[in-house]
Amino acid sequence: MSDGSGTTAPAGPKSTYFLNHADEAVERRTLAVLVDNEPGVLARVVGLFSGRGYNIDSLTVAEVDASSHQSRITIVTQGTPHILEQIEAHLMRLVPVGEVVDITKSKRGIERELSLIKVAGSGEKRVEALRIAQIFRANVIDTTNESFIFELTGASDKISQFVDLMRPLGLVEVSRTGVLSIKRGKEKG
Amino acid sequence: MTVKTKPKTETRLMTGAEIVITALREQGVEVMFGYPGGSVLPIYDALFAADDIRHVLVRHEQGAGHAAEGYARSTGKCGVALVTSGPGATNMVTPITDALMDSIPMVVITGQVPSHLIGTDAFQEADITGITRSCAKHNYLVTDVDQLARVIHEAFLIATSGRPGPVVVDIPKDIQFATGTYIGKEGVHKPTYSPQIDPHPEAIEAVAELISQARRPILYTGGGVINSGPHASEALRKLQAETGIPVTSTLMGLGAFPASHPDWLGMLGMHGSFEANNAMHDCDLMICVGARFDDRVTGRIDAFSPNSKKVHIDIDPSSINKIVRVDVPVVADCAAALEALLAAVKHRKRKRPDLKPWKAEIETWRARKCFSYEPSDTVIKPQYAIERLYALTRERETFITTEVGQHQMWAAQFFHFDEPNHWMTSGGLGTMGYGLPAAVGVQCAHPDALVIDIAGEASIQMMMQELSTAVQFCLPVKVFILNNEWMGMVRQWQELLHGERYSHSYSESLPDFVKLAEALGAHGIRCDDPALLDDKITEMLEHKGPVLFDCRVEKAENCLPMIPSGSAHNEMILGKITGNEIGEAGRKLV
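Which chain is which? The protein sequence lines are G and U, in order. So the first sequence is numbered by numbering that gives the first Met the number 0: it starts at 0 and just counts up by one. So the second sequence is numbered by numbering that gives the first Met the number 0: it starts at 0 and just counts up by one.
If you're looking for bench data, these hints aren't it; they were derived computationally from the structure. Remember, predicted model here, so these are calculated numbers, not experimental data. Glycine residues also receive a C-beta, built at the ideal position from the N, C-alpha and C atoms. Check each hint, because a few of them may be wrong.
What the hints assert, rightly or not - Label pairs and their calculated CB-CB ranges:
{"#": "1", "chain 1": "U", "residue 1": "K575", "chain 2": "G", "residue 2": "S49", "range": "40 to 48 angstroms"}
{"#": "2", "chain 1": "G", "residue 1": "I109", "chain 2": "U", "residue 2": "L56", "range": "37 to 45 angstroms"}
{"#": "3", "chain 1": "U", "residue 1": "P356", "chain 2": "G", "residue 2": "S49", "range": "34 to 42 angstroms"}
{"#": "4", "chain 1": "G", "residue 1": "S49", "chain 2": "U", "residue 2": "P229", "range": "46 to 54 angstroms"}
{"#": "5", "chain 1": "G", "residue 1": "D141", "chain 2": "U", "residue 2": "T142", "range": "37 to 45 angstroms"}
{"#": "6", "chain 1": "U", "residue 1": "L509", "chain 2": "G", "residue 2": "E98", "range": "50 to 58 angstroms"}
{"#": "7", "chain 1": "U", "residue 1": "W492", "chain 2": "G", "residue 2": "R111", "range": "32 to 40 angstroms"}
{"#": "8", "chain 1": "U", "residue 1": "G228", "chain 2": "G", "residue 2": "G46", "range": "53 to 61 angstroms"}
Use the sequences and the hints to build the structure in full.
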């Protein structure tokens, strides 16, 4: 314990009340959260993350089964293993949350993102943009004499890479859905 | 938990307001606490004809919330509060948060402006489901009168099962007027909500194995044991009798284990006993039952019980490994886990290590008599006042509530509880103003018992209007104010941390509490002489109605012992505060 004299504290225990997990590596996880599609459920999930200081890298949500009012929220988050364990436990504590699946940890996850990318330009740059789009198997869904809108689906890295390549070719605007995920194989969840 | 019977198809047509009252009746609600207002009038109208549900009219909605908490805590049943929209509902935010932190089962029904006005900033409109989303266990805005009965039954189910907590049901006024179908509670369930009650047998075996080898074990119990019901306290006592393990408890858990037992170590934590904290620090096996390693309990985490194996029994999986990494997690209801553990321990034939050396060591800590104070015959010491209050009420069934501050800790240290559900205090949120309305709620549940709110002169002023409620409903609560003319705990921290600069912590312009009591129709007593204290306390106890007791105590007394913030369990201050106890890091903590 330091003597409180205001000099540099000796190298001792840093934490006081708080768990010192600073030395644990931060991991990135994709979680599929299956919820009852009732009013406020998304606010509960998002409020949990903001209220407890957790990160959200991306979030997607939509009803997936109208007959049972079930929605699927896919959250990409980051944290130490301790924080990630807490995130799962706290999500499960929310009354409308039925299941939390750690897609990343399952090692059988498929992750996809849809993006719409607007590129404007003319001459060589326009041709180059179209050529790269073909390599990436992006669809052109709108075009004018001076612009394209590409539709590209794939893993997040692939989309980021495509966006980077479009930047010098006249990138105007990007819209991304955030990550969607599902597990491989015949089983559910 | 829930009795599996065939769902009764009781379907009747009635108004939303009648549905509310019928559902409350079916849930066995006998008492509710509330305050009427524009958006809740139809329910009040239905209540007018309901002779079997007693409505206690408070003076401020926050009082209704704390009264419901006190009622719940002292009975094990669900507390119910009914308030109007807007300010009525926002005044409930503090008790709702309080109930969440202390896991108190409570259903709060709020009126809401009519559906077509929601979102228009209508008169007395507040988005109370939005506001309470993070401070309630769950909440509902009812948009369809046919769903109302189901929602109320579901609210009770969620509030009272698993880790209990507050549930808010917000009902727009047009829904209260509309006619809909009533359904009974049987068969109402929430598929996504299923708390784990029974422990995993392997986990129980692992704990039993640890117990069979432990030389320095300790049971660290919390409010979860009380929430789990009388069976849990009983199972705890049986397990302790079988194993001889010494027991300490958090503030919330007092009463689960009898304070008169020789293996009782007293409360642990910041103002806990020297023996409890040292035993926690030096144990080789810690069995945490229904507690959550709160910062007031653990002190500095990286010096917390460094050499022990840790077991954590809790019904809430998110409590496990939240603060402290444990070796054996047991997700289960406390009663179920303790009963299973008792059976597993009894089943083992192998002789357990002798705990005598461990208990001898504990006795050396106990011999320090950490709660001793300098007696005085000229001024009433606050500790002495609580000691006398305890001595003079021992023979009666006594329920104690408290406000928050020094008096709360002295009450925890010097008043002793042998039974659960007799001690009501705001532990997690630390809400000044909790004690008096909570006492009102307790007294409603136990009309013939002695109910005392141990208060401070600052805390009591936050909710003192509820004395008027006590007078109206003939609830003979006793408010015992330790009046030191300071926000004592604030003053103590300023002495400890801020160079004795007592910024705004002096209780200036105090009311004359005796006259105040009389003005409100209660009885007032003042005492500043230790020689007269017993007589005055007796006068309070013998008075049939509510009493406000202004006990003038030593002004500068500090609440000790104390673990300064940022320090470990074995670094308690026992004697005088010098001002240098807290390090740089500790100063930044609450």
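Hints, verified against the model:
Remark: the range hint 40 to 48 angstroms for K575 of chain U to S49 of chain G is upheld by a beta-carbon distance near 44 angstroms. Range check, I109 of chain G to L56 of chain U: about 60 angstroms between beta-carbon atoms, so the 37 to 45 angstroms window is missed. Range check, P356 of chain U to S49 of chain G: Cβ separation about 51 angstroms, and the 34 to 42 angstroms hint is violated. Roughly 39 angstroms separates the CB atoms of S49 of chain G and P229 of chain U, a value that falls outside the hinted 46 to 54 angstroms.
The beta-carbon spacing between D141 of chain G and T142 of chain U, approximately 39 angstroms, falls within the hinted interval of 37 to 45 angstroms. For L509 of chain U and E98 of chain G, the hinted distance range of 50 to 58 angstroms is satisfied, since their beta carbons lie about 56 angstroms from each other. Checked against the given bound of 32 to 40 angstroms, the beta carbons of W492 of chain U and R111 of chain G, roughly 55 angstroms apart, lie outside it. Restraint check, G228 of chain U to G46 of chain G: a C-beta distance of roughly 31 angstroms breaks the suggested window 53 to 61 angstroms.
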